[in-house]
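Quick note on full-length UniProt numbering: the sequence shown kicks off at 1 and runs consecutively.
Be aware that one or more of the hints could be misleading.
Calculated cross-link-like contacts (lysine to aspartate or glutamate; reagent style DMTMM-like; alpha-carbon spacing at most 25 Å) [stated by the list, open to error]:
1) 65 - 235
2) 14 - 198
3) 222 - 175
4) 14 - 211
5) 65 - 24
6) 222 - 60
7) 65 - 165
8) 65 - 198
9) 14 - 59
10) 65 - 42
11) 222 - 211
12) 222 - 70
13) 222 - 177
14) 65 - 43
15) 14 - 60
16) 222 - 42
17) 14 - 43
18) 14 - 42
19) 166 - 198
Derived from the structure by calculation, the hints contain no laboratory data.
Quick caveat, the model's predicted, so the values are computed rather than measured.
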Amino acid sequence: MTRTTEGLRERAGKLVAHVHDSVEHRPGERAALRRALGRHPDDTAIRPAARRVIAPHLDDLRGPKREAVERAFYTVAALIAARPRRARDEAEDPTPAAEEDNSAQNTPDGLRGTAENAPFPKSYVAALDLGSALGRSTAEAASARPDQSRGDGDGSSPYREAPQEKRLHLLCRQDLDGLHRHLPRVVRFLRSERIAIDWARLACDLATWGEGGTNGRNRVAKQWLDGYYRTVSIEEARRRRQEPAGDTPPSQEA
């Protein structure tokens, strides 16, 4: 990690802490940040209360770097502020509740994991980069459907062509405007799955995407894709180790 990257990560971490404090203790700032979701920083509709939160974290930045970091910070701050109260509470106590909330009811069939069937321990609370978070969602969905845990009977992986994989590939093909347009939907989906995102990492990734042009986009997209497939691969290996001896898929029987 370069000194520049370390500096951005530290800056993003301070922003995220500030936003969490605003969301919890200052309703006016929370509302202003929520309303900034989907807006460009140059949009005069962004309320002063939101600018008071973001502006101090952009000190000493100039030119294209400032523009990229500013847009990334506004997006991440708005996404944090958009979390419903229940989701904010679960950030402190992330063990999934037995019942599902309203946002989970809109999740496509087969994508929701459960506490009982989750492939990761209930105490697993580490926040993930976006690709790894989608990979974890794929793994939980496969584990929650034991009838399909070994694929389609043709030796194929149950994780192949998962909806989460398609979502990720769609994101990775976007330009900067498209990324910011599609990102809230993906974050809402992960929130319905109760999968934590590393907000500071996401802010850094968005800033790199915005400042680095095609090279920045490709670098971040590669990291997200690597995180997704690494997470899925780890879970698939774990699943295979737990299969009973002699329990082979039909395509492999003599």
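Hint check:
no.	hint	result
1	65 - 235	38 Å, violated
2	14 - 198	13 Å, holds
3	222 - 175	15 Å, holds
4	14 - 211	20 Å, holds
5	65 - 24	30 Å, violated
6	222 - 60	30 Å, violated
7	65 - 165	30 Å, violated
8	65 - 198	21 Å, holds
9	14 - 59	13 Å, holds
10	65 - 42	15 Å, holds
11	222 - 211	16 Å, holds
12	222 - 70	23 Å, holds
13	222 - 177	19 Å, holds
14	65 - 43	19 Å, holds
15	14 - 60	15 Å, holds
16	222 - 42	29 Å, violated
17	14 - 43	24 Å, holds
18	14 - 42	22 Å, holds
19	166 - 198	21 Å, holds
Of the numbered hints listed earlier, those contradicted by the structure are 1, 5, 6, 7, 16.
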